Each structure stands twice: as C-alpha cells, then as structure tokens.
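Chains R and E are the protein sequences, given in the same order.
With UniProt numbering, letter number 218 in the first sequence gets 218, and the count goes up by one each step, no holes.
With UniProt numbering, letter number 186 in the second sequence gets 186, and the count goes up by one each step, no holes.
Note that these hints are calculated values from the structure, not bench results.
It should be emphasised that the depicted structure is a prediction, and the values quoted were computed from it without experimental measurement.
Ideal Cβ placement from N, Cα and C applies to all residues, glycine included.
Please note: incorrect hints may appear among the correct ones.
Claimed, not checked - Partner residues are not named here, just some residues of chain R that face chain E (Cβ under 7 Å, in silico):
no. : residue
1   : K40
2   : E42
3   : A91
4   : P244
5   : A248
6   : V249
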Amino acid sequence: MFRRVLRLGLTPGRPNRGLRTRRGGFILDWDAKVSDFKKKIECMLPGKQWGMPYDTSYLPPKQSDVVIIGGGILGLSVAFWLKKMESSRGAIRVLVVEQDHTEYLAVVDAPLVDLQFNPSGCLLLASEKNAATLESNVKMQRQEGAKVCLISPEQLQNKFPWINIEGVALASYGMEDEGWFDAWSLFQGLRRKVQSMGVLLYQGEVTRFITSSRQMETTSGEQVVLRRIHEVQVKMNNSLEYQPVECAVVINAAGAWSGQVAELAGIGKGLPGTLQGTKLPVEPRKRYVHLWHCPQGPGLETPLVADINGVYFRREGLGSNYLGGCSPTEEEEPDPTNLEVDHDFFQNKVWPHLVQRVPSFKTLKVQSNWAGYYDYNTFDQNGVVGPHPLVVNMYFATGFSGHGLQHAPGIGRAVAEMVLEGQFKTIDMSPFLFNRFYLGEKLQEYNIL
Amino acid sequence: MLKIIIPSLMLLPLTWLSSNKNVWINVTAHSFLINTLAMATLWQMNETGMGLSQTFYIDPLSSSLIMLVIWLLPLMLLASQNHIKKETDYNKKLYISMLIILQTLLIPTFSANELMLFYILFEATLIPTLVIITRWGNQTERLSAGLYFLFYTLVGSIPLLIALISINSSLGSLNTLLLTLSNYMLNQSWSNHILWLACMMAFMIKMPLYGVHLWLPKAHVEAPIAGSMILAAILLKLGGYGMMRLSVILDPLTKSMAYPFIMLSLWGMIMTSSICLRQTDLKSLIAYSSVSHMALVIAAIMIQTPWSFMGASALMIAHGLTSSLLFCLANTNYERIHSRTMIMARGLQTAFPLMALFWFLGSLTNLALPPSINLIGELLISISLFSWSNFTILLVGTNILITALYSLYMLITTQRGTLTPHMINLQPSHTRELTLMMLHITPLSLLMINPKFIMGNTL
C-alpha cells in the first residue's frame with residue numbers, strides 16, 4: 001500500500017516508474033540546457049530581435065498589407081511594382097508566398113543580371129485562311145511602333161533558304177528588338193531585386209482563407225454574397241504547422257493553381273450562370289519543351305519560327321541546338337497531375353511538322369525534354385487582371401496561358417496601380433477584368449502558341 | 001477622495017464576479033457613474049485647491065488630469081470591445097482588470113500629497129501598461145516595444161528615487177504643500193546640478209523629450225487600442241505633472257540648467273513634426289505628433305512663467321483628448337482593413353461619412369485650430385516662449401506650420417481620393433465607435449467655452 005501511494009504521488013506522466021529509479025532527468029543533458037538558457041537570455045538583451053522563445057524565422061509574419069500568392073514571374077512583378085510605386089520606403093508590407101521552393105535556389109552576391117537577349121526576331125507563318133488576321137495584327141503592331149514587316153513567300157525563301165514555303169501564304173518578321181531572352185535569369189534577377197526592395201519571400205502553401213461575408217443585392221435585384229478576406233492561412237511544407245497572416249489585400253498570382261486558390265476564397269460557389277457561381281476558369285495544362293541537336297540545321301540566323309499548325313522552334317545557344325514544341329489539341333491534352341514527359345509526343349506530333357517546314361531537321365537528335373504547366377484559361381486563353389467583383393480584396397494576375405512571361409512587367413504595374421490608386425492608369429486593362437467570364441465576352445487573340 | 005478611489009477599486013470585484021454576459025455592460029456603466037461623481041467633486045473654483053486629507057490634495061492642475069483619467073476609462077472599454085471579443089472570458093476579465101488597476105493607480109498619482117507616494121505610484125503604473133502592451137498587442141514587435149518602454153522609464157526613475165530620498169533627508173519632508181513654503185535654495189554646485197538632472201530626467205523621458213523619445217513610437221504602435229489611448233492621453237502627462245511639481249524645489253538652478261532641454265525640445269518639435277510628414281503608418285504618425293506636442297509642453301515648463309504653466313496644462317489636457325481620438329479613429333480603420341498603412345485605405349469619406357466628420361474634427365484640433373483648447377495651449381506657450389527669447393518664435397512658428405501640414409496630409413490621404421476596389425464591403429461605423437468619438441469631441445468642444453478648468457494652478 002505504501003508503494004502504491006508513493007507511485008500515485010509521482011508525476012502524472014510516469015505511472016510505472018517504480019521506486020528504484022531516480023528522477024535524474026533534471027541534471028542529464030545539463031550543458032544543452034545551459035546553452036539553451038543562455039540563448040534565450042541573449043535574445044532578450046536590447047538590440048537583439050526578441051521574438052518567440054523558439055526559432056520562428058521560417059514562419060511568415062503575422063500581418064502583412066498585401067499577400068501575393070505565387071512567387072512566379074507574375075507574382076514577383078506585382079511585388080516589384082507595388083514597392084516601386086509606394087511613396088516612401090517601407091510603406092507597404094508585401095509578402096510573397098510560394099509553394100515550391102526546391103527549384104528556386106537563392107543566389108547570393110550574384111553579378112548583374114544578364115538576360116541574354118537574342119534579338120533574332122520572330123517569324124510568324126500564316127496560311128491562306130489566317131493571312132488576313134496576320135496582316136491586321138502587323139498593322140496594329142506597326143501603329144504602336146513595333147518594327148515588324150510582312151514578307152511574301154518568295155521573299156521568305158530568299159531570306160531563309162532552309163525553309164520550305166509550302167502552305168505559307170504570308171509571314172511576319174520582327175526586324176528590330178524582337179527575339180527571346182533567358183527567362184531564368186530574369187526570374188532570378190527580379191527575385192533579388194524584389195528582396196532588396198524589402199518584399200518578404202516565404203515558402204508555404206495557402207490552405208485557407210478566413211473570410212467574412214454579407215448578403216447584398218445588386219442593382220438588378222440579384223442576391224449576391226460579398227466576401228472579404230481577413231486572414232490567409234499559410235501551411236508549411238511537410239508539416240501541419242500553419243501561420244495565419246492578417247492582410248488587407250490578396251493577389252492571386254498562383255499560375256496554374258489559381259483556380260484552386262480562387263475556390264478556397266469561395267469564388268464559383270453558387271448556381272452556374274450567376275455572378276456568384278462564375279468560377280475562375282484557370283487550370284493547369286502540361287506542355288512539353290524539347291531540345292534537340294542538329295548540325296545541318298538552319299544555323300545561327302534562325303529566328304523564333306511559329307508555324308501554321310502550332311509547332312514552334314528557336315535556336316538555343318551557339319552549338320546547333322534548337323528548342324521547340326507544340327500545343328496539343330483539345331483531345332490530346334496530356335495529364336496535368338504530374339510532370340512526366342511523353343516521348344512519343346515528339347515523335348508523332350512535333351517531328352513530322354518540323355521536318356515538313358525545315359527539311360534539314362530530318363537528322364535531328366533529341367537531347368532532352370521537360371514539361372511545365374501553363375496557367376491555361378479555358379475561357380479565352382487570355383489573362384485575368386484586376387479585382388473580383390464579389391470577393392472584394394482579391395486581385396487576379398493570372399491565366400495568361402503561357403504568355404505570362406512576356407506580359408509580366410505590364411501586368412505587374414497594372415495590378416499595382418489598381419491596388420494603390422483604384423484604377424488602371426498607364427494602360428487600360430478593363431477588357432481583362434473578371435467580369436467578362438460572367439458576361440460571356442471572350443477576349444480572343446489570334447495566337448497559335 | 002475616497003468616494004472616487006473606493007468605487008474604482010470595487011470595479012475589480014465587479015469584473016470578476018459579473019456573469020460573462022454582463023461584464024462589459026457592468027464595468028462600462030459603473031465607470032460612467034464614477035465619472036459623474038468625480039466631475040461633481042473635482043471642479044475647482046479657487047486657486048487654493050482641495051485639501052482632502054493628509055495624503056491627498058487636488059489643486060486645479062491635478063483636477064483636470066484626474067478628470068481626464070476617470071473620463072478615459074469607459075472610453076477605453078468602449079474602444080477595446082471589438083478586438084478583445086475573440087479572447088476567452090478569463091482573458092477578457094484580465095484585460096479589463098488591467099485597465100481598472102491602471103486607473104486606480106493613476107488617480108492617487110495625480111493627487112498625491114507626498115512626492116514619495118507620487119513616485120511609488122508613478123512606477124507602479126508601469127506594470128499594468130507593460131502587461132497591456134506585451135500581452136495584448138498585435139505584432140511580435142510588441143515584446144521589444146515593451147522592453148524599450150520599461151527600461152527607458154526605469155533608467156530615468158532610479159536617479160529620481162535617490163534624489164527624492166536625499167531631498168527628504170535634507171529638508172525633512174516631501175510634502176508638496178510644505179515644499180512650496182520652504183526656502184530651499186539650490187546653490188550652484190556640481191552635486192546640485194546632478195540632483196537637478198536626477199529629478200528631471202525621469203519626467204523628460206516620460207514626456208518624451210526628443211533625444212530619449214525612441215520608446216514612444218514603438219510602444220504606441222504595438223499597443224492595443226486601450227493601451228495607446230492611455231499612453232497618449234495620460235501617461236505622457238505624468239511627466240509634465242511631475243516636472244511642474246518638482247520645479248518648486250529646484251529653483252534657482254532651473255534658470256541655468258534648463259537651456260539644453262529647451263533647445264532639445266524646440267529642435268525636437270520640428271524634427272518629429274517633419275518625420276510625421278514622411279510616415280506611412282497611421283499609428284506611427286499619431287505617435288510622433290504626440291512627441292511634437294509634448295516637446296512644447298517641456299519647453300513651457302522649463303521656462304517657468306505663469307502663462308507658460310497655463311499653456312502647458314491646457315495643452316496636456318487638449319492633447320490627451322485629441323491624441324486619444326485620433327488613435328481611436330486609426331483603430332476603426334485597422335479593425336476593418338487589417339492594415340495600418342495609410343495608402344491602403346483611401347477615400348474613406350465616401351464610405352464612412354459620419355466618421356469622416358470625426359476625422360475632420362480630430363485633425364483640426366490636432367493642428368490647433370482656433371478656438372479649440374489646443375490653440376489656447378499652444379498660443380500661451382508660444383507667447384511665453386517669445387517673451388523668454390525672441391528667436392524661439394521662428395522655431396515654434398515653423399512647428400505650427402508643419403503640424404498643420406501633416407495633420408492635413410493625414411486627413412487627405414485617408415479621407416479623400418478614390419475608394420480602391422478592396423474597400424467596398426467594409427462594415428459601416430458601429431454606434432459604439434461613433435459614441436466613442438462623440439465622447440472625445442464633447443469635452444473638447446465644451447472646454448472651448450470655459451477653458452479655465454484646464455488652465456492649471458497659475459490661473
């Protein structure tokens with residue numbers, strides 16, 4: 001009985017220690033305890049950053065004025081312009097949350113950004129039925145000051161002898177300041193710049209929005225629910241830990257996953273056909289890019305050639321390497337759940353067209369393939385920019401279906417203007433607003449990539 | 001006096017023993033009742049003051065400050081209702097208890113007869129304030145803010161304790177009434193200079209003086225709304241009150257020792273006002289404007305003329321009400337948008353027209369528009385400073401200009417402009433918030449009519 005009393009009297013977490021064991025846990029690991037304690041005291045001294053007793057540097061801050069979901073080129077561009085347009089340094093707190101950190105290694109003390117811009121021009125080929133659209137496009141581009149010209153098939157054959165002009169009715173070629181650049185170095189450079197401007201970049205997945213909603217009635221009498229996002233819950237990878245970030249504005253630049261993020265905010269939850277029930281029609285689509293080597297190929301003068309049927313290729317580097325791909329048709333859409341490359345796709349779909357256009361590509365050897373996601377806008381393949389009419393503090397900068405990189409600086413500025421000034425100032429992007437999904441007005445562009 | 005202190009103390013059992021539904025109603029209603037009681041007892045008609053007992057004495061200087069303390073408790077409770085409602089009931093009661101303890105400590109602080117009692121209570125008020133800032137503040141930076149607040153004040157107050165003890169041992173008593181009658185002349189020796197510094201530094205840091213003002217923006221920004229209100233309205237004035245009380249025993253050294261501090265205040269006024277022009281965080285702007293106004297008070301107390309003391313007392317009360325009002329307005333903003341940055345919330349006039357009225361009145365009193373009591377304070381101080389030295393008019397004039405600039409800048413940035421798309425669907429102004437603003441504006445407007453209540457003891 002005595003033993004039982006004693007056993008019960010011990011700490012509740014140790015029911016069966018018995019009488020022979022000593023409570024020696026306190027003095028074991030003494031050095032670690034002392035150094036722990038010293039660290040805590042050091043944190044407390046004035047001048048040091050006294051945060052929580054444990055290390056929380058990987059968690060995003062608890063409050064941020066703007067939270068940008070998605071740290072890709074569009075998200076970073078919006079962050080850049082927000083910081084550039086603030087009236088004094090440190091005015092707006094911007095937080096960029098990016099899900100996948102493994103690819104984007106931090107570059108410290110890197111030299112100046114060299115975009116490796118190759119001004120070799122873009123050659124767009126058009127068949128008979130698309131010739132008129134191409135001509136009007138070129139006219140519009142020339143009006144804006146772009147130096148492009150229209151080439152007839154004979155001139156095309158003279159200029160680029162390696163090309164086979166069968167089926168080509170018209171071509172457009174950029175003569176100055178047109179070409180391609182290294183997207184990776186742009187991304188890295190932008191990331192560094194944005195960090196130096198004071199934007200916080202954190203890794204995590206947005207799992208939840210804490211919102212509040214109110215029933216309101218539109219002028220036409222339709223009942224809508226206006227929603228406001230108060231907090232963004234950012235979950236850390238490989239862990240259940242999350243950090244709620246209080247925010248004023250959320251910018252959805254999540255690329256291929258923008259549709260899922262929008263659903264988290266309650267966009268699209270309603271009867272289809274109403275404004276309430278209009279979803280954000282952006283979904284991930286997998287696209288392949290292939291790199292091949294062909295010594296007999298077109299050579300150093302190759303522009304970026306966009307063929308009639310959707311195949312494109314361009315020169316990559318100076319060693320007779322070429323890079324290209326093709327957009328699959330609706331029926332052949334590859335499965336977007338993973339980034340596995342289907343090697344047959346190149347053999348069956350891309351190579352025949354390549355050979356037809358450039359006969360010297362018959363002897364090419366594929367060096368590597370990779371796959372990536374387009375943030376594909378299923379409605380009209382054009383981007384969504386600006387606020388959502390019902391979730392009042394969510395802004396979109398997504399859905400460009402593969403053209404996000406080209407448009408990123410302009411879109412970033414447009415969204416920053418919308419957030420800070422309330423309207424588009426430099427370029428009027430109102431055709432790109434979300435409302436067109438509800439109204440059914442497609443913003444079509446003649447594009448083939 | 002007991003009829004004010006005992007009810008304030010009994011508010012504590014009231015919070016803990018009320019049922020959870022009734023806590024807020026009970027405490028707010030009873031603190032309003034204490035208000036009416038205190039107003040009846042505290043309005044002074046003569047310059048001799050009310051000698052209430054052997055320990056408590058209220059003269060016209062203390063009465064306005066005590067009235068401000070008692071007026072502010074229900075206002076703090078009204079302001080905190082929203083952000084504290086997510087906490088557990090136990091935490092809510094704890095928060096209310098902190099506010100009540102603070103009031104109960106502040107009332108005797110302003111009415112203490114003995115300087116030693118004043119000192120003890122002065123230090124004691126630090127503890128509930130520290131708890132409020134570090135426990136219920138919003139950001140992680142609140143911990144460093146609390147640290148700065150605590151240690152800046154303590155560094156000044158320990159020398160004050162030693163100085164008070166030494167004066168006690170040489171004079172025999174620290175009774176404020178007796179001290180005015182004593183002939184304690186400090187001659188010009190090194191130890192007396194250090195004694196002067198020791199007495200004054202604690203209050204300079206509390207005011208705050210420009211060189212040691214670093215704790216104030218941190219503490220004000222990180223504190224919850226009730227913390228900001230009590231800090232801005234009352235705790236800063238502890239410094240001014242202390243300086244006024246202690247200046248009777250520090251003659252004639254003040255004439256020579258005050259120079260550096262007057263220079264620092266005058267220069268600091270302009271510096272902090274200019275910082276306000278560059279601020280993007282709304283609470284930070286109001287915090288720096290507090291530093292700027294209090295610098296005027298320090299300069300006024302240092303030159304020790306009847307008019308300057310009148311101006312200092314008037315400005316203390318007026319600034320207390322105005323700063324508290326502006327913090328409440330900034331808080332209504334923060335509760336809706338979850339951001340303190342000014343440019344994220346623009347064009348509020350279209351969304352909240354009635355609140356825009358209070359923003360307007362608050363900004364106008366902040367820039368000392370006639371005939372508000374802020375103007376009375378600032379004008380009396382500028383005139384007496386001018387008579388002390390002609391050159392000060394340039395600095396004070398520049399400050400008045402820059403104050404007007406940043407007040408209007410704050411008004412225009414938040415109220416005018418286009419409403420950004422993320423500002424639709426904000427909750428309209430609650431009646432509670434409007435009542436809160438009205439309760440700030442009412443004393444400000446009514447005192448305009450009869451400002452002799454706030455003019456202090458040299459009227």
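So, going through the hints one by one against the coordinates:
{"no.": "1", "hint": "K40", "result": "12 Å, violated"}
{"no.": "2", "hint": "E42", "result": "14 Å, violated"}
{"no.": "3", "hint": "A91", "result": "4 Å, holds"}
{"no.": "4", "hint": "P244", "result": "11 Å, violated"}
{"no.": "5", "hint": "A248", "result": "4 Å, holds"}
{"no.": "6", "hint": "V249", "result": "5 Å, holds"}
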